[in-house]
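Kindly produce the complete structure, drawing on both the sequences and the hints.
Protein chains in written order, with the numbering used here: chain A, 1 to 237; chain B, 1001 to 1237.
Note that these hints are calculated values from the structure, not bench results.
Do not take every clue at face value.
Unchecked claim - Here are some of the chain B residues that sit facing chain A, going by a computed Cβ distance under 10 Å:
# : residue
1 : Arg1089
2 : Ser1140
3 : Gln1145
Unchecked claim - Computed footprint of chain B on chain A, listed as stretches where at least three residues anywhere in the stretch have a Cβ under 8 Å from a Cβ of chain B:
# : region
4 : 71–83
5 : 178–192
Quick caveat, the model's predicted, so the values are computed rather than measured.
Virtual Cβ for every residue (Gly too), placed ideally from N, Cα, C.
There are 2 protein chains.
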Amino acid sequence: MPDVRPCVVLVRPQMGENIGAAARAMMNFGLADLRLVAPRDGWPNDKALEMSAHASSIIEHAKVVDTLQEAIADRQYSFAATARSRQLRLPCYTPMTLQPLCVNQKVAWVFGPENNGLSNEDVAYCQGIVSIPTHTDNASLNIAQSVVILGYQWFIGTCYDVHPSDVSLSEGSASAGEVEKLFLQLDAALASRHFYKTSELQPVTQRNLRTILSRAQLSSNEVKLLHGVISVLQRSN
Amino acid sequence: MPDVRPCVVLVRPQMGENIGAAARAMMNFGLADLRLVAPRDGWPNDKALEMSAHASSIIEHAKVVDTLQEAIADRQYSFAATARSRQLRLPCYTPMTLQPLCVNQKVAWVFGPENNGLSNEDVAYCQGIVSIPTHTDNASLNIAQSVVILGYQWFIGTCYDVHPSDVSLSEGSASAGEVEKLFLQLDAALASRHFYKTSELQPVTQRNLRTILSRAQLSSNEVKLLHGVISVLQRSN
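Structure representation (structure tokens):
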């Protein structure tokens, strides 16, 4: 987790619930620095605290200021989160293309009020716009969902490099020899039942069965289980 | 937007609000097929409809069944969304590594109830697990947030290939000639004020000023504005 992480700035947020939900989303991705510009219902806000749940420390440490300028005074780059296309000439990013710009830079992600979003005056203080790609008919994401997506994209790009899929199957995996023994038991059982109709087809069928067993990525315990299954099936005859 | 898109399966969901919020998240990313397994409070559910807002059609068309098996009967691949590590031997994916598996396949994303998540029995019907990387201390994402992230990752991987950053700055951009004229006006104004202290430093300073003007990616209108600014500043002397 890098020392320098983006801060989240909510400009004139209206609903305490949304402030709390944004804090939760931040917490999920290791972000802690929340700044509020002129929250509509004042501060502190009980609903924000309640909704924040395990992220209450973010709410308690939130910095409340009167203007966006104050909120981003220490930031090198501020990015306005907005879905609306703007006449302002600013570079536009997606969460993906924004992520590299948030590494080792003091960055603010700036979100507008629920009803109208950021004003053009707000956006003019920012160095760029970040828009979350959505299905065109339904572009409206609420604040917390937008924070979730920016947080997620930042986190996987910046802090995350383990691919659990490589880990999950490795423990207790059967060796090729164990799997081959299982195949041989099955093969013998099938042969004794005259399962292989012709000697031409037999190698193909055997190969297909081997493929199934290989692809299954069995554990040693599962191999034992299947040995038992085959034995029982043979016995039941 | 591809014809074959993932469906979202909510297993024993508890709160109508969360069903509605999940539907909204689906709508944002062009997903429509919602399936509910034994919703706790029965069906239809007013709170789900209310929370779904513009995604009410997804709620109205939701398929309600008794078991997970029924819900995924027509699916080729089902993936269990879970943060908990499991003893089950199933491949684990992140939203990113899952996305390619959701192209042109009949896929279900399966989410568990709010309190306990999916049971191991539920997960055993699935072909894999999808876990959303989060900051380790705070792994709990609610259902709608998980749907948002899977939907977002699916959408940007499958449906989205325009990079708005390439578009935004192209309209109305000033030509190099326009920018050079602006520089020459500035340069002349500075020279007349004896801004360039030494003839050795002059080319370096000029180059720095040119760089600033280039990097600013000005529009034709902005060039005109700055011509006016320089003129006015000269006049005020």
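Each hint tested on the structure:
1. Arg1089: 6 Å, holds
2. Ser1140: 8 Å, holds
3. Gln1145: Holds: closest Cβ of chain A sits about 5 Å from Gln1145(B), inside 10 Å.
4. 71–83: Per the Cβ count (0), the hint is violated.
5. 178–192: violated (count 0)
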